[in-house]
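Asks: Sequence lines, in order, name chains W and G.
For the first sequence, position 72 matches number 72 in my numbering, and the numbering has no gaps at all.
For the second sequence, position 111 matches number 111 in my numbering, and the numbering has no gaps at all.
It is worth saying that the hints were derived from the structure and are not from the lab.
Check before you lean on any hint, since a few could be wrong.
Which copy? The list can't say, so a pair holds if one copy fits it or any two copies do.
Stated by the list, open to error - Below are the BS3-like pairs computed for lysine-lysine, each with C-alpha atoms no more than 30 Å apart in a straight line:
hint	residue 1	residue 2
1	K166	K195
2	K82	K206
3	K248	K195
4	K206	K273
5	K10	K345
6	K273	K107
7	K160	K273
8	K345	K107
9	K82	K10
10	K240	K335
11	K4	K195
12	K331	K160
13	K331	K240
14	K206	K107
Number of protein chains: 2
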Amino acid sequence: MNQKIADFLKTHAPATPCLVVDLDQVAENYRRYAAVLPGSPIFYAIKANPAPEILDLLAQLGSGFDAASLTEVRQALAAGAKAETISFGSTIKKSSEIAAAHALGVKLFAFDCLPELEKIATHAPNADVFCRILVSNDGAEWPLSRKFGCEAEEAVTLLKRARALKLNPIGVSFHVGSQQRNPAQWDSALAVMAKIFADLRLDGIKLELINLGGGFPTRYRRDIPAPEAYGEAIFSSLSKYFGNHIPKTALEPGRALVGDAGVIQSEVVLVSKRMGEDRRWVYLDVGKFHGLAETMDEAIQYDISSDRTGHLESVVIAGPTCDSADVLYEKADYKLPADLALGDKVLIHATGAYTTTYSSVGFNGFPPLASYCI
Amino acid sequence: MNQKIADFLKTHAPATPCLVVDLDQVAENYRRYAAVLPGSPIFYAIKANPAPEILDLLAQLGSGFDAASLTEVRQALAAGAKAETISFGSTIKKSSEIAAAHALGVKLFAFDCLPELEKIATHAPNADVFCRILVSNDGAEWPLSRKFGCEAEEAVTLLKRARALKLNPIGVSFHVGSQQRNPAQWDSALAVMAKIFADLRLDGIKLELINLGGGFPTRYRRDIPAPEAYGEAIFSSLSKYFGNHIPKTALEPGRALVGDAGVIQSEVVLVSKRMGEDRRWVYLDVGKFHGLAETMDEAIQYDISSDRTGHLESVVIAGPTCDSADVLYEKADYKLPADLALGDKVLIHATGAYTTTYSSVGFNGFPPLASYCI
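Can you build the whole structure from these sequences, using the hints too?
Replies: Below you can see the structure in the form of structure tokens.
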């Protein structure tokens, strides 16, 4: 945790649980990713953290935005973003959402199947469209599924169809899986994209854009490659497959811009060791239903620290609700100080992404996760 | 779906997605469960659905309430419940919550370990306390875990300790797992409770209450035993283990009172069949992050219907967010009409429990699930 957040927690002593996001860290992350592939626009994945202060800051810095819904389109516009810097990246949009976004000036829409393409043609005539391609998610800590994207062969058919529907088939996108720790993972996907570009050129369609998607990681318990390593690996693959005709690229970081900028402060509600168990259970006042949903299947493993200095002991860590699914870490071997006691504060690090809006409205009567941007 | 909900949806045509709860059905469910073990109080598990209209109705009908947090205690009181009809059933309570509930007149508190018992002794002196025992969850569709409850042997020690701490050790509780389809599952647990009663009697502690917990099911895709079958099985076990000295019992139904009283209406946003896939994907405007969290691992399988009459085809059903975890049913073989098309309405049945408050605040920009009690 940086000093700025430590000072805030000390000075303001906010009620727990709460998330504190350091906007300076967000700005630094943005500048670093904006330099990774010089000239490539950033579409910040709003869903990672739509706090107005974060969107305002990123709009000021010149970021574009990836919107998952009409509400997110409106949030970006409210932050001062220009409509032409917004990508409506969801492939599952209601007709009414497409029409409203189009009316607000949004020009760029994603699709991955014919019915969605036809909806866009009807409700956002002449829009720029890009097709989302299904690629391998090996190496991702939060892999995606067959829910999104189509095969390359189908993409070629659909992008031709886009032209017939008087849309502008501008390019392709793909997603290598969230929290992707392997920069080489973009390589095989880019080979596929190059083939799509080549196939369509034969039909007189010159694609311009590769949306490289998200997947850029933030640091949790394990080290991750630097942003520059992703830039180098991706540029190398682009050169390999496109030679001197590298298309325009765009990046959609979400987690990578806000994850390590945030810290959740939580209180230990109970520590118990029951007869017949070899580990203590540590119950926090924040859990799966109030911000830490990404601990599902223990996928995302946050660093957790406290001021205690006792020797480290293996523990099970759980949330405060009466739902037995609200256990954060049971299989991952977490160790916390043996003198950790109820009433102690703990810090859950790198929780700036996918926490506040994942929080339930009020499961078990607990309020949504509070958030401060400083 | 009953006629009352059908009429409401037709007359009001509310925006989707939304939950509609029929209060008459809730009342009928309550009356039926109140008669299952005559004289046994019902502590409605507020967490299942804390809509004020439901709490008001149940308070009027004479129900007690099981609260998972101080907020739920306050919700019950606001509905007109008397403090002495409220059980603070969470075993993970902040000291401040215990003190506040005690100040509001709550007298009955749960615990399952020494530190929690000591908190209660300090912040709710002289309270009635019951110890939660860990029992088998075989047969439950949403099994619990080792998160809650202690072994019987430890319970005896703790209940003695309660007396030493000047609390009133009033009884025990256990939970056979949510959506428990086997009425015989209470039997082995009651054998354990009888042993605890007997052991403590040797120390001059006469327990009075067995809280039989929740677990009573609602009907999803599969038939369930009638409430009366649970009453008969439990009474038979009580007679077997307690003879002529059957203690006072209490029930904590949540899902069983509100589940089948609610229906979610949702709109089909997209239907697609991608190249190389043998099933169509049906994308709804409601998903895992906006009410249907219990589809996690496809545990709870809701009936889904539409007005379409085409022949039934296997489908994958997914929610609208850009999160690949937001797939409702992929392994469970759901079949929907082949002519189901985007813009169609579908009904998701028996969704009155564990939907509204599970909903996220605004993941992907989608608002929390709207709810109407009629």
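Asks: If a hint holds in the structure, say so; if it does not, say that too.
Replies: Do the hints match the structure? See the list:
1. K166 - K195: This pair counts as within: shortest intra-copy Cα distance 23 Å, inter-copy 77 Å.
2. K82 - K206: within (26 Å within a copy, 72 Å between copies)
3. K248 - K195: within (16 Å within a copy, 74 Å between copies)
4. K206 - K273: between (65 Å within a copy, 27 Å between copies)
5. K10 - K345: within (12 Å within a copy, 51 Å between copies)
6. K273 - K107: between (58 Å within a copy, 26 Å between copies)
7. K160 - K273: Classified as between; 18 Å across copies, 63 Å inside a copy.
8. K345 - K107: between (47 Å within a copy, 29 Å between copies)
9. K82 - K10: neither (38 Å within a copy, 40 Å between copies)
10. K240 - K335: neither (45 Å within a copy, 46 Å between copies)
11. K4 - K195: Close neither inside one copy (48 Å) nor across copies (57 Å); limit 30 Å.
12. K331 - K160: neither (49 Å within a copy, 34 Å between copies)
13. K331 - K240: neither (42 Å within a copy, 40 Å between copies)
14. K206 - K107: The answer is within: 18 Å in one copy meets 30 Å, while 74 Å across copies does not.
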